[in-house]
Amino acid sequence: MTRLIKYIVLDILKNKIILVYTLILSALAWSVFSLEDNSTKGVLTLLNVILLTVPLVSVIFSTIYLYNSSEFIELLLSQPINRSKIWKSLFFGLVISLLLSFLIGVGLPLLIYAPGDVGLMMLMVGLFISTIFISIAFLSAMITRDKAKGIGIAIMLWLFFALLFDGIVLFLLFQLADYPIEKMMVGITALNPIDLARILILLHLDVSAMMGYTGAIFKDFFGNTLGISIVFTVLTLWVAIPFLISLVKFKYKDL
Amino acid sequence: MHRFKHTAVLFILLFQMQAKQLLVGKGKPFISIKHAVEQSVSGDSIIVFEGIYKEGNIVIDKSIKLFGKNYPLIDGEKKYEVFSIKAPYVSIDGFKVYRSGYATLNDIGGIKIYDTHHVTISNNVLDDNFFGIYVQFSKYCLIKNNKLTAYGEEEQKIGNGIHCWKSDSLQITGNYINGHRDGIYFEFVTNSVIWRNISLNNVRYGLHFMFSHNDSYISNVFKNNGAGVAVMFTHKVKMFHNIFEENWGDAAYGLLLKEISDSYIIGNKFRKNTSGIYMEGTNRIKVEKNEFKSNGWGMKIQASCMDNEITKNNFIGNTFDISTNGSLVLNTFNYNYWDKYEGYDLNKDNIGDVPFHPLSIFSIIVEKNPPAMLLFRSFMITLLDKSEKIMPSLTPENFIDNHPLMHSLKI
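Heads up: the protein sequence lines correspond to chains A and B, in order.
Remember, our numbering sits 14 above the position in the first sequence when you count from 1.
Remember, our numbering sits 1239 above the position in the second sequence when you count from 1.
To be clear, the hints were calculated from the coordinates, so they are not data collected in a lab.
Please read these numbers as outputs of a predicted model, since none were measured by experiment.
Ideal Cβ positions, reconstructed from N, Cα and C, are used throughout, including at glycine.
Wrong hints could be hidden among the right ones.
Said to hold, decoys possible - Taking lysine-lysine and the DSSO-like style, the derived pairs with C-alpha atoms no more than 30 Å apart in a straight line are:
#: 1; chain 1: A; residue 1: LYS55; chain 2: B; residue 2: LYS1308
#: 2; chain 1: A; residue 1: LYS55; chain 2: B; residue 2: LYS1378
#: 3; chain 1: A; residue 1: LYS55; chain 2: B; residue 2: LYS1579
#: 4; chain 1: A; residue 1: LYS55; chain 2: B; residue 2: LYS1497
#: 5; chain 1: A; residue 1: LYS55; chain 2: B; residue 2: LYS1607
#: 6; chain 1: A; residue 1: LYS233; chain 2: B; residue 2: LYS1497
#: 7; chain 1: B; residue 1: LYS1649; chain 2: A; residue 2: LYS233
#: 8; chain 1: B; residue 1: LYS1308; chain 2: B; residue 2: LYS1378
#: 9; chain 1: A; residue 1: LYS55; chain 2: B; residue 2: LYS1587
As the list claims (entries may be wrong) - Which chain A residues stay away from chain B? Per the calculated CB distances, all over 10 Å, these:
#: 10; residue: ILE38
#: 11; residue: LEU117
#: 12; residue: VAL262
#: 13; residue: LYS265
#: 14; residue: TYR266
Said to hold, decoys possible - One-sided and incomplete, this derived list gives chain A residues near chain B with beta-carbon spacing under 7 Å:
#: 15; residue: LEU66
#: 16; residue: LEU187
#: 17; residue: ARG212
#: 18; residue: GLY237
#: 19; residue: GLY241
Produce the entire structure from the sequences given, and follow the hints as far as they go.
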């Protein structure tokens, strides 16, 4: 399996796209920090990058890569290798290469300009978001055989998590304004990894505002060790569940 | 001979006028402070040497001066009021006043000043008292360089640090107050000044200020108090160069203004508070050259406020610079620096060419629906905010700074 992963990582790294992605990320991060006079503003801009660009690139690149390597997969299947091993190797190959470019592109400037718990939290969150959207890409690639449809599903999922979900939450908030829904809302955010990631960083960035009435409820939940470990468990589930579903599907799929 | 007689009379007079010094302590003429006070006449000084004195309630009803050497410890044993001052021109300096009594019916203080004038309380250490220094119906008193510490946990079980009631022309200077109910409490106190005090970690307010006209407080530090600082039902207050810091909580405000008029807030620093300033029913106030930094809400200006001028302030790194609860705007904003301003300055006069709308739509949404805070900094909210900034439709149109500064002011 290690050898397989090595081949896949090398194949991806040979691909120019991942290099361009790294370059764009690092150009963004370095310029953001050197242009703004206070690092908090830089962190905020980077937050938008992590919450929008990173998931978009992760999900689309992975989906396209999966479809493009269908012939390679078929070739591998003709060899005496376990099916789940192939699928897992593909997953880890993609994860390793995308995380590597994220670490080089964003991690380096982040640790230099914003060391401390905000920077560290953003790095963790960025790594999780990348992995989660790779896992979602695996699921969408398994749902349909048609490449265009698969990419469409991936983009729709990204759009849903990045944008539509918040709209629905806002709508719910106003519809249910008369009820004590704060605790329920904490639960609902767990349904969207991007929201979860955002709130984790928010609690570090806007501490003063978060000490207000509702903020205090979130702070109570997300602020302590138990809350943070729950959040990271949920994020891990977001990595595991879509991938495991796709793995089961891949095992029994007639290719 | 005649001349000699005159000189002799003068000498005798001088001798009588010269105040006695009464020494209290181990191996000194007096062992008890109470006894020394009884033997003294107005104008005398009592010097108390190091030691522990448990004498119950010490009443001072003559114009005498008490000095402590090396902080003699006066223990109230959690039963008595330690010093009760009932005469003018009294001075208490250099004592350690410890463990005053606790009562629910009357307010027992470590040092209490009753209906008098020209009293000086300076350089004392007050530890674990119910009320620290209590001033009632008094004038021209000076409370200077005292250190008050208490260990209050519940509001009803602890008194205020420096409590002033129905008084006039007081000076509260250079005191350090920690852990009381309200650090400094002013009710019906006029023409007074609160200067260079530090008020920290108090259970309720750092400074509690009501019906106290024509006062000023200058260069104080209020930090990490349960509910910040409240100034209410007062006119003509001057608030200069104070620091309001780390007052956290939904009902905690750096500075709460309620029914205030004709006052000045100049040169203060508001940092890391949930709300920097909260204004309600506040009229004709000048807010100038203040710094609002890293607050949740820089200023919350309720619609009941009128004719306030907010000029030349720095708003830096606040989650929300301004919020309000209505659409009526009767206050003016001018020449402030907003770090969220994204306009340009073509003629390089340091004043942005495009007006700035400090009220973000999201702050209105949160005001109406607090749980929406959950969505803060999400992409959709950013989109909403941006579009609202370009074409204000839901935020009041005249909530505007027509002359936003391009660079922050040096404050």
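Status of each hint after checking the structure:
no., hint, verdict
1, A:LYS55 / B:LYS1308, "violated, 55 Å"
2, A:LYS55 / B:LYS1378, "violated, 52 Å"
3, A:LYS55 / B:LYS1579, "holds, 10 Å"
4, A:LYS55 / B:LYS1497, "violated, 34 Å"
5, A:LYS55 / B:LYS1607, "holds, 27 Å"
6, A:LYS233 / B:LYS1497, "holds, 29 Å"
7, B:LYS1649 / A:LYS233, "violated, 34 Å"
8, B:LYS1308 / B:LYS1378, "holds, 28 Å"
9, A:LYS55 / B:LYS1587, "holds, 24 Å"
10, ILE38, "holds, 19 Å"
11, LEU117, "holds, 23 Å"
12, VAL262, "holds, 33 Å"
13, LYS265, "holds, 36 Å"
14, TYR266, "holds, 38 Å"
15, LEU66, "holds, 6 Å"
16, LEU187, "holds, 5 Å"
17, ARG212, "holds, 6 Å"
18, GLY237, "violated, 12 Å"
19, GLY241, "violated, 14 Å"
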